[in-house]
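Turn these sequences into a full structure, and let the hints steer you where they fit.
Chains U and E, in that order, are what the protein sequence lines are.
My numbering puts the first residue of the first sequence at 1, with every later residue one more than the last.
My numbering puts the first residue of the second sequence at 1, with every later residue one more than the last.
All the given hints hold, so there is nothing to weed out.
Per label pair, the in silico range of CB-to-CB distance:
(1) 211(U) <-> 304(E): 43 to 49 Å
(2) 367(E) <-> 139(U): 29 to 35 Å
(3) 35(U) <-> 343(E): 49 to 55 Å
(4) 343(E) <-> 139(U): 21 to 27 Å
By construction, these hints were calculated from the structure, which means they are not laboratory data.
Virtual Cβ for every residue (Gly too), placed ideally from N, Cα, C.
Spelled out, the chains give:
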Amino acid sequence: MPIEIRMPAVSPSMTEGSLARWLKKEGETVKAGDLLAEIETDKAIVELVAESAGTLARIVVPDESNNVQVGALIAVLLAPGEPAASLAQSSTATPAAAAAAAHAPATAAPSAPSASPAPSAPSAPSAPSVPSAPSGRILASPLARRIAAERGVQLASLRGSGPNGRIVRLDVEAAPAAEAAPAAAAAAASSISAAAYEEIPNSSMRRMIAKRLSDAKQSIPHYYLTIDCVIDALQKLRQEIKDCPDGAKLSVNDFVIKAAALALQKLPGVNASWTEAAIRRYSSVDVAVAVATPTGLITPIVRNAERKKLTQISAEVKDLGLRARAGKLAAEEYQGGGFTISNLGMYGIREFAAIINPPQSAILAVGAAEQRAVVKDGALAIATMMTCTLSADHRVVDGALGAEYLAAFKKLIEHPLSLLL
Amino acid sequence: MTEKSFDIVVIGAGPGGYVAAIRAAQLGLKTAVVEREHLGGICLNWGCIPTKALLKSAEVLRQAQHAADYGIEVAQVSFNLAQVVKRSRAISAQLQAGVKHLLKKNKVEVFTGSGKLAGAGKVAVSQDGKTITLTARHIILAAGARARIMPGLEPDGQRVWSYKEAMVPEAMPKSLLVVGSGAIGIEFASFYRTLGAEVTVVEVLERILPVEDAEISALARKSFEKQGIKVLTAATVKSLKRGTENVTAAIESAGKESQLTVDRVIVAVGISANTEKLGLEGTKVRIERGHVVVNQWLETDEPGVYAIGDLTAPPWLAHKASHEAVICVEKIAGQADVHPLDIMKIPGCTYSHPQIASIGLSEEKARAGGRELKVGRFPFQANGKAIALGEAEGLIKTIFDAKTGELIGAHMIGAEVTELIQGYAIAKTLETTEAELMNTVFPHPTLSEMMHESVLDAYGRVIHF
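Dropping the structure here:
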């Protein structure tokens, strides 16, 4: 039996992804463990690893295919020695089957905050194994599938008129062929108001950001607390550490991560998630750090940050940031986390309020470190200040708890030696 | 004058009407059905069922006559026509009682009498000069059809029969002329020929069973002629001279007229819909070519009035009526997932010897559509079960769209093909391609293996031929 390779679910919330490119060609021999393809998920690019040996007999979903439904057939592997003829027998191996996608309601995105795993239990393997469990099956008659394949009609784009919404021949025949319709529509639009706008197709990552943040802002009762931190001591300490023999170059943000983590350890009520049944309090302190990438925002996680040395945190954040920008993060590196830090200080932003990253309950927005005129002991003085704003989910973190947390954070950041203990 | 009110009133209790009533009751609608003559309609009382009973008698006779072929010695074979007819009538009576029971079980109220529309949402039921009025939000017309009458060929019930008299003969005609070679004409021709009558079939078109695939028609003709039936195609019965004991028909064929004198004539030249006494005058219900015009949900142009079965467009088959009944009622009841009927997926059967069954397009019609075809054939003579049954005559033909693998049509002639055709009907409904049919395991030894082999043959992969 030919082995069907299906679109893997790289993250629990993933319902569709893009097939960035194949690393093997049709006809190429594959060993178990070989990298087959790169899958662009909602947040990163992950590699698809062959679970069994054989020949990559047919690539059903080509390079740079967007919106490939999880569970859709993407390629067919023939076991060693299996005749190519057995491909023909496998009716599912037709390209039509590959077009499977967003239609099946069964695969509706499990995107509710509570559906994400606890940070303590990162479960998705970095490289999904093949074949993965099929899901997102499109109900379509064999004839409809075949005609759709011939005409290049995406079954996923159709509404079935048959029993239970099954796509039948008439539905396919009534559908405009392939991309003809959108192209025509675009042409028509451009003739009316040429160059009025350009449409950049949404990547799966873009759509995931849109969905998660819209959900968050709409469903989480946010409130905001702002505090000013004096960081002269911190800046001095940074310089001293740098000047040490074997000195390290630590960023303000490295200290912020450590301080935020220690404050979470002290006030575990903030390191928690809302679920309908209960408030889920996390047993480890995992701090996510927002990283801007060319394709969008991603939040890799520094796990057990409260236990890590600053140099460790610094190295980890650097590595995560580099790989995030290259789109090479593994799923467990950005899934979960109990708290997020977003720092826009490098742009000179003084202060801002961030949107909570679900299923978490709080996010700390860190502004620029800058010298400001302050009143110190009754006299005007100059101090290096950093303004931080905590956005918190009032369902989980009441105002007093949020304030207490921010005060604890301020105390740590203003007494940076405590971060070295 | 009494008045009773219902959600649905169905006029006619044939295979369309009584099925509509039962389905409506199942869906919780308060339902009544109006029937003027007998529950079950023509199908059950004077059509499908009693003719199958007659044809079974003919088959038993044929088997007995050929018992020696099977090593069975039967001393003397003869038949008792009265008993043959009696059995047929008893079966109809039994099933009529069954329909009565089903309607009662489903709490469908049955009104005996002639129903007609009597203003918006009203049905008048008349019997023996008395009239009651039923009110209903939805009225389904299922009044069926009757034998079509052609000038000069009017049945007289004595020597010129319609299907009805042909079903209850008091004596065997020595010779018989059947006018019309559709399913009804052919079934009677087959029955009477098997019982020993000299049978002539006259068909106005170029071939018998004109709705069937031409290849199947030709095979049928060959088989009937071998059995001794005379077949005249492209021929017209111009007139019938009715004598006291016989009838002389003037038959025109290829510009020449000939005379044929027979004991009896059966006229089976189609049907006429029973549209006349339904009170359609003054309503928006439209009639075209003698049949009520409905949309895909069986709605007429008059709001709240529906029509199903033989009242509407062809094919005029009981199972079409029943299926329309269900669609119509489910749509009225607001059921989800109701789908219009596709006539390409309605099988048709003729229960002569040999039997004929088909679904979808004939080869010529498929070709006329301009599609490239793959046509498969498998003969009964190459099927083990057929040979063992002593029924090695027949053919199963399948037609596929070469490009898509769509099963466009299937055509069969031979023993028990009427029981086989449903397999292709399922295939068409599921929209399988040749691949799924090829991948299906057909049991051995069965006649159904020929269905498989025919598909294989269409793609050059036939095994046993």
